[in-house]
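A.B. asks: First to last, the sequence lines map onto chains A and B. Taking UniProt numbering, the leading residue of the first sequence gets 1, the next gets one more, and so forth. Taking UniProt numbering, the leading residue of the second sequence gets 1, the next gets one more, and so forth.
Keep in mind the hints are simulated off the structure, nothing from the lab. Predicted model only: the values in this text are computed from it and were never measured. Don't take each hint at face value.
Said to hold, decoys possible - Straight-line distance between alpha carbons at most 20 Å, and here's what the computed SDA-like set of lysine to any residue pairs gives: (1) A:K281 - B:D203; (2) B:K204 - A:T70; (3) A:K281 - B:A282; (4) B:K281 - A:D203; (5) A:K109 - B:G176; (6) B:K207 - A:T274; (7) A:K281 - B:R201; (8) B:K281 - A:G211; (9) A:K207 - B:A278; (10) A:K204 - B:D55.
2 protein chains.
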Amino acid sequence: MIARSQKHWSDDVAELLRVRQGFVLADVDPQSTPGYEHNKAHAKDDLAAGAEQLDEYQERLFAQSRVDATDASVLLVLQAMDSAGKGGIVRHVVGSVDPQGVALTAFKKPTEEELAHDFLWRIEQRAPEPGFIGVFDRSHYEDVLIGRVRELAAPDEIERRYGAINDFEKRLTDSGVRVVKVMLNISREEQKSRLAERLERPDKYWKYNPGDVDERQLWDDYMAAYQTVFERTSTEHAPWYVVPANRKWYARLAVQHLLLEALEDIDPRWPAATFDVAAEKARLAAS
Amino acid sequence: MIARSQKHWSDDVAELLRVRQGFVLADVDPQSTPGYEHNKAHAKDDLAAGAEQLDEYQERLFAQSRVDATDASVLLVLQAMDSAGKGGIVRHVVGSVDPQGVALTAFKKPTEEELAHDFLWRIEQRAPEPGFIGVFDRSHYEDVLIGRVRELAAPDEIERRYGAINDFEKRLTDSGVRVVKVMLNISREEQKSRLAERLERPDKYWKYNPGDVDERQLWDDYMAAYQTVFERTSTEHAPWYVVPANRKWYARLAVQHLLLEALEDIDPRWPAATFDVAAEKARLAAS
Numbered sequence: 001m002i003a004r005s006q007k008h009w010s011d012d013v014a015e016l017l018r019v020r021q022g023f024v025l026a027d028v029d030p031q032s033t034p035g036y037e038h039n040k041a042h043a044k045d046d047l048a049a050g051a052e053q054l055d056e057y058q059e060r061l062f063a064q065s066r067v068d069a070t071d072a073s074v075l076l077v078l079q080a081m082d083s084a085g086k087g088g089i090v091r092h093v094v095g096s097v098d099p100q101g102v103a104l105t106a107f108k109k110p111t112e113e114e115l116a117h118d119f120l121w122r123i124e125q126r127a128p129e130p131g132f133i134g135v136f137d138r139s140h141y142e143d144v145l146i147g148r149v150r151e152l153a154a155p156d157e158i159e160r161r162y163g164a165i166n167d168f169e170k171r172l173t174d175s176g177v178r179v180v181k182v183m184l185n186i187s188r189e190e191q192k193s194r195l196a197e198r199l200e201r202p203d204k205y206w207k208y209n210p211g212d213v214d215e216r217q218l219w220d221d222y223m224a225a226y227q228t229v230f231e232r233t234s235t236e237h238a239p240w241y242v243v244p245a246n247r248k249w250y251a252r253l254a255v256q257h258l259l260l261e262a263l264e265d266i267d268p269r270w271p272a273a274t275f276d277v278a279a280e281k282a283r284l285a286a287s
Numbered sequence: 001m002i003a004r005s006q007k008h009w010s011d012d013v014a015e016l017l018r019v020r021q022g023f024v025l026a027d028v029d030p031q032s033t034p035g036y037e038h039n040k041a042h043a044k045d046d047l048a049a050g051a052e053q054l055d056e057y058q059e060r061l062f063a064q065s066r067v068d069a070t071d072a073s074v075l076l077v078l079q080a081m082d083s084a085g086k087g088g089i090v091r092h093v094v095g096s097v098d099p100q101g102v103a104l105t106a107f108k109k110p111t112e113e114e115l116a117h118d119f120l121w122r123i124e125q126r127a128p129e130p131g132f133i134g135v136f137d138r139s140h141y142e143d144v145l146i147g148r149v150r151e152l153a154a155p156d157e158i159e160r161r162y163g164a165i166n167d168f169e170k171r172l173t174d175s176g177v178r179v180v181k182v183m184l185n186i187s188r189e190e191q192k193s194r195l196a197e198r199l200e201r202p203d204k205y206w207k208y209n210p211g212d213v214d215e216r217q218l219w220d221d222y223m224a225a226y227q228t229v230f231e232r233t234s235t236e237h238a239p240w241y242v243v244p245a246n247r248k249w250y251a252r253l254a255v256q257h258l259l260l261e262a263l264e265d266i267d268p269r270w271p272a273a274t275f276d277v278a279a280e281k282a283r284l285a286a287s
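Chain A with its partners taken away, still in its complex shape (with noise of 0.2 Å):
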């Protein structure tokens, strides 16, 4: 499926990159553009035409949800190494879409009472309501990721939770919420000039945490553990799509594009008046 009026794809971008049984995480090239065949300057008018229509989706579904007694949402999990652009694709893709009708979560290293729970708890208190398009900078995949790589729960804790996610992921769809799960790739040298730049620039140094270069010395144990949540947790009811994005303008265009499938798919209409119309206009008129 194509987005309406989407032309600039050479191919069904969204099935090429769709996480399917064999998937190889090592057989991806970071540096590749699936499905787009123009420059970055051509990427740039092409992600301002998807933010209109973006736009008028989104406000489309969030006027439905105000009238209608929709269920539909969407909700975009954003998981990467450092520096892989998460927050860009929130500035530039989410952010062109009116800030009313977006739910935006950045989880953080969980708090004490997070971790009295069970690792779903804080995470289902943010998924999105109905209209709304949620967004999780980081989520429940943290608890197999980091959780994995620095064994921060016993192996049988690990291995119970992609189960988990899988349930809690139908529950969510069965709700009515289409989940796109992303994984921004980038390459591990593409890192460190990213990180590199962090270092060189004043006005970048907050952005630089000395943590990321110890996560960065476990880089292959990351790719394994992204590897097994593919194999694990990419269902059909809500799929992983691993976004190649050592090109930043390719990696906001291909999620936009995902956002858009999942609204078209949606296809949230204007609702209809609740009200008599004339009735009104002579109230209207009258006060």
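Dock chain B against chain A, hints included.
C.D. replies: The following block gives chain B in isolation, referenced to the frame of chain A:
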């Protein structure tokens, strides 16, 4: 004080719009554009230029809060009659900055649980954290506006609330929150025309609520309630600004300017590195 490089104002707009002793709401012309002598097209360019300033201030504020122990934040309180343009402010002014640094709350009719608590209970929970720009789309002022007009509480309780609001806002400002309170001031005729448009366009039906006409019929009561709000709660630490809003482009430019001034007052700086830059460069290079 004029925010840096905001050269398009002919006068100190914040001073012109600020509610001082002796302020009379009925004397404000909702069609006017205080401090601005250019036209709509010019305002569009000025808004775009201001958006860039706001963007950088917001990022610096956010950066500082992530690194230093700063407690600074901004809270924009938006109040107005229906259709006055609160949504447009959120969309076109606040929407120009990174959504990751914005905390928006749209206050609806209180729930049963909320009604079981003091009227400020639900409000206090939504005060912005350090580093954020908080936005209240409606607020605790509803409790002395519709609360007063519709007699939702006893007269002595309404009386009590003005003082409680001032105390609450003093606590906020003492804790580092810059409180910017804005009433978007449209004329009764302008509201009629905007509501009529919603009844003409099927893609606007969802924004129309027959209850809006009920409230509209109490226009004079609402204006009297606003007048009292201004007299009782426009304080030194948290003044009100009444923004003429018949011209949407003026209202957006003026509110953007008020936000810029609040941020200029905070004067957030890029935080210094909290790590040894040279050492981190070496660690990164070796990784």
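A.B. asks: Decide, hint by hint, whether the structure agrees.
C.D. replies: Taking the hints in turn, this is what the structure says about them:
no.	hint	in the structure
1	A:K281 - B:D203	16 Å, holds
2	B:K204 - A:T70	18 Å, holds
3	A:K281 - B:A282	71 Å, violated
4	B:K281 - A:D203	16 Å, holds
5	A:K109 - B:G176	26 Å, violated
6	B:K207 - A:T274	11 Å, holds
7	A:K281 - B:R201	12 Å, holds
8	B:K281 - A:G211	13 Å, holds
9	A:K207 - B:A278	16 Å, holds
10	A:K204 - B:D55	15 Å, holds
Checked against the numbered hints above, the structure violates hints 3 and 5; every other hint is satisfied.
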